[in-house]
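*Asks:* So the chains spell out like this:
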Amino acid sequence: MMSERIIRYSIWIYLGIFFAYLLGPLVIMSITAFNSPTFPRATPWECLTFEWFSALFQDQRILNGIKNSIIVGLGTVILSVSMGLAGALMLTQIWPKLRATYYTIIIAPILIPGVVLGISTLVFWDRINRMLGLGADSFLSNGLFLTIIGQSTFIASYCLLVLVARLQRYDLALTEAALDLGASHAQAFRKILLPFMRPAIASAAVLAFLASFENYNTTTFTFGEYPTLTIELAQKVRYGITPAISALAFIIVALTVFFALINESKIKRKEQVMEARKNATVAELSKGVKVPGFLSGNPAAIVLVLFCIGSVAVVGTATAYSPDQCIARVKEQKQIEAEERIKELRRKRDADNLKKFKGVFDPDEISPEEEEAPKQDNNSGFGGVFDPNALSGDDDAQDGSDASGGDESGNNSGFGGVFDPNNLNSD
Amino acid sequence: MPGFLKEFFNRNGMGMGLTILGLVLFWTVGLIILPQLSMLDFSFRPNLPPPEIGGPKDVYTLENYKYLIFGPEGGSQDYNVVDLKVFYRTLIAAVFVTIFNLILCYPIAYYLGQTKGNHIRIFALMLIIPYWINEILRAFALRIIFGESGVLNTVLMGLGVFDTPFDFVRNDIALYAGLGYAYILLMIFPIYNVIESLDRNQIEAARDMGASWWRIHRRVVIPYAKPGISSGCTMVFMLSAGALAAPQILGGPSSLWFTQLIYQQFNDNSDWPQGAAYAVVLLVTCILLVLLAMRLFKVNMGDIGK
Chain E
1 MMSERIIRYS IWIYLGIFFA YLLGPLVIMS ITAFNSPTFP RATPWECLTF
51 EWFSALFQDQ RILNGIKNSI IVGLGTVILS VSMGLAGALM LTQIWPKLRA
101 TYYTIIIAPI LIPGVVLGIS TLVFWDRINR MLGLGADSFL SNGLFLTIIG
151 QSTFIASYCL LVLVARLQRY DLALTEAALD LGASHAQAFR KILLPFMRPA
201 IASAAVLAFL ASFENYNTTT FTFGEYPTLT IELAQKVRYG ITPAISALAF
251 IIVALTVFFA LINESKIKRK EQVMEARKNA TVAELSKGVK VPGFLSGNPA
301 AIVLVLFCIG SVAVVGTATA YSPDQCIARV KEQKQIEAEE RIKELRRKRD
351 ADNLKKFKGV FDPDEISPEE EEAPKQDNNS GFGGVFDPNA LSGDDDAQDG
401 SDASGGDESG NNSGFGGVFD PNNLNSD
Chain G
1 MPGFLKEFFN RNGMGMGLTI LGLVLFWTVG LIILPQLSML DFSFRPNLPP
51 PEIGGPKDVY TLENYKYLIF GPEGGSQDYN VVDLKVFYRT LIAAVFVTIF
101 NLILCYPIAY YLGQTKGNHI RIFALMLIIP YWINEILRAF ALRIIFGESG
151 VLNTVLMGLG VFDTPFDFVR NDIALYAGLG YAYILLMIFP IYNVIESLDR
201 NQIEAARDMG ASWWRIHRRV VIPYAKPGIS SGCTMVFMLS AGALAAPQIL
251 GGPSSLWFTQ LIYQQFNDNS DWPQGAAYAV VLLVTCILLV LLAMRLFKVN
301 MGDIGK
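Protein sequences, first through last, are from chains E and G.
Just so we're aligned: the first sequence equals residues 1 to 427 in full-length UniProt numbering.
Just so we're aligned: the second sequence equals residues 1 to 306 in full-length UniProt numbering.
None of these hints come from the bench; they were simulated from the model.
For each residue, glycine too, the CB sits at the ideal point set by N, CA and C.
You may find that some hints are simply not true.
To list a few chain G residues with every Cβ distance to chain E over 10 Å, as calculated [said to hold, decoys possible]:
id	residue
1	59
2	208
3	220
Distance ranges between label pairs, derived from CB positions [unchecked claim]:
id	chain 1	residue 1	chain 2	residue 2	range
4	G	49	E	311	52 to 58 Å
5	E	11	G	63	54 to 60 Å
6	E	235	G	99	28 to 34 Å
Use the sequences and the hints to build the structure in full.
*Replies:* This is how it looks when you write it as C-alpha cells:
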C-alpha cells in the first residue's frame, strides 16, 4: 500500500515539525545560557561558560521577584482552591434553574482577557478603599493583596474544572452514612469528602501555583510595589536581554523535566505493582508480592537516574571549570579577525589608489577596459572633495584621500574623482 | 428563609453551608461581577485627581469612548485613526492566529485522540512541558530565534536564502509565531478530548463505504469535534486578542497591540477611565465576535467549556 505508507511518513514528518516548533525554542534558549557572548545567542558558539548562572544568583531583583512570586503563589493556591472547591460543591447542589447562569459566571473569568481582570480588580478595590476612607498605603491597595485577588479570580475557575471532574464521581450516600452515624457536617466533610477529593485538590493546587507563577497580564496592573518574578523578567527582556535570563529559563526547564520524570516513573511503578499483584497467587499475596526492581521496564525511571547523574556532573564541572582561557582566546581571535579585515580594506584601497596613480602618470599601463574611467578622472575639477574616502575618519582612509588629492593637484583636472567608478563603489 | 436556602443549610449544616455560600458569593460577586461593573462605571467618568472624585465634576460622560472614535478634541483628523487602526489590526491578527492554530493543531489532536500506545503519553508530556515555563520566557526564547543575529537568520543565510538578515520582528512574523506558540495547548486539548471519545468504528465504516480521507474528516470527524473546535477557537481568540506579554516582547517598534494601548493609558498617561473604556470596548467586541462566529457555525454556548 503505497499511499498508506506515504500517509504514515507524512504524519511523522508533521509531528517532527510540530514538536520542533514546540520544543526547539526552549532547547535553543537553554543552549544560549552556556554560551559566553553577552547577548543571548546560540550561533556562533564561542565558549562554554557558567557565569550567567552566577550572574543570575547575584541579581537582587530576580531573587526578590522569586520571593514575591512564592508569596503570591501560596496565597493564590489557598484562596483559589478553597473558592474552587466551594464553587464545585455549590454547582452540584444549586437550584437547577440557576445552574446555567451560575456556570456561565464562574467559567467566564477563563475567557476574560487577563488585562481586563487586572484593570477591574485595580479599579474596584481602589474604589472600596476610597469608600472606606483609607489611605493609599492601606491593606486593600497593597500590591500582594491585589495580585492574589486578581489572579484568584480566574485561577479559581481552573481549579473548579479540575475539582468538578472528581466530585462528579463522589457518592453522596457516603456523607449521608457518616451523618447518620452521628458525625457533624464539618466532620463528614473533613473525614469523608476531603480524603476523597485529595488527589484532585493536589492537582488543582499545583495547577494554581503554576498559573500564578507565570501570570503576567493580570499582575502587571496590580503588583504595586511587589513585582513578581514574571514582572521583573518582562522588564529585563524589554529593556535589554542577557543570557542570565536564559540561565533562569534553563533551570526552570530542568526542574520541569525533573518533576515530570518523577511523576511518570511513579505512575509506571504503580502500574507494575498492580500488574504483579494481579498475577500473584493468594499465598504470594500474603507473603508479599515480588515486585520488579525500580528501574526494570521503567524507561522514565532510567531517564530520571541518567538525568540526576548528568546534572551532578554539570554542577561538578561548573565548580571546577573556568572559561577565562577560552574567552581570552576568542577575544584574541576576534582581534586578529578585525585586524585582518582592516588590512584587507587597506590593501584594497591601496590597490585602488595605485590604479588611479597609474591612470594619471602612466596611461600606457592601463588595461584597455579601464581606459574610459581614468580619462574622466583626468578631466575632473573638484579634486578629492567628493571622494567618499575623505569623509570616513579612519587613518587609512585619510591616506587614500591624501593620495587622491595629490593626484588631482598634479594634473589640473576638471571633476576629480566624481565620475571615477572606483570611487562610487570603493566602500 | 427561602426553601432553596433552607434545604441547602439542611444538607450542609449551618457552619459548612455558611462557609461555602460565603466563598462562592465572595468569588462570584466580589471578584467577578462587581469589579466588572465597577470598571464599566469607571469608563464613563472623567479623569479627575483623587480629591475631586465624588465631587461635582464627577459626572457620567461619553468622553472616553468618543476619544477612541474621534481622537482628541480639535485634533487634526476627524477620527482617531491611530488607535482605531491598532484595534482593527489586533482583531484581524487574533482571527488569523486562531485559524493558524486550528490548522496546526487539528491533525495533532486527531492523531493523539485516535492512536493508542505508550508514545502518546510521552507526546502529551512533551506538549505540556513548554507550558510549565513562564510566558515571558517563552516569548524570550522566540526572540532569541527570530532576532537579527538569531538562529533562524544564521541558518537561512547559511543556506543562502537571504543575503542580509531578514527582520522578522519588524515584519511581525515573530509576533504571530509567538502568539500561535503561546496557545497551542489551549487549542489541542479541547479538540483532543472530543476526538478521543469518537468511536473508531464510525471512521472505519465511512472508509469501508469508500469515502476519501478528506470526506471522512469533513463529514464524520469535524462535525463530531465541533464543540471541541469551537471552545478551542474561542479560548485562543479571546486570549490572543487580550495578550500583552507577547506583543510587548516580540512586537516590532512600530506595531502596537490594543492591550498595549490600554497598558499605556494606565501606566504612562495615568488616565485610568480612558484605559477602562478601552478595556470595555475590547471585552465587548471580543464577546460579540465570538457569539457571531458561534451563530455562523451553529454552535451552542453550552457546548463550550465541556
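*Asks:* Taking the shortest Cβ-to-Cβ distance between residue 220/G and chain E, state whether it exceeds 10 Å.
*Replies:* holds, 17 Å
*Asks:* Assuming the hint says 52 to 58 Å, is it satisfied by the Cβ distance from residue 49/G to residue 311/E or not?
*Replies:* holds, 56 Å
*Asks:* When you look at the beta carbon of residue 59/G, is every beta carbon of chain E farther off than 10 Å?
*Replies:* Answer for residue 59/G: holds, closest chain E Cβ roughly 16 Å.
*Asks:* Grab the minimum beta-carbon distance between residue 208/G and chain E and tell me whether it stays above 10 Å.
*Replies:* Holds, since 15 Å exceeds 10 Å.
*Asks:* Could you check the hint for me, namely that residue 11/E and residue 63/G are 54 to 60 Å apart, CB to CB?
*Replies:* holds, 57 Å
*Asks:* Do the Cβ positions of residue 235/E and residue 99/G conform to the proposed distance bound of 28 to 34 Å?
*Replies:* holds, 33 Å
Checked against the numbered hints listed earlier, the structure breaks none of them; every hint is satisfied.
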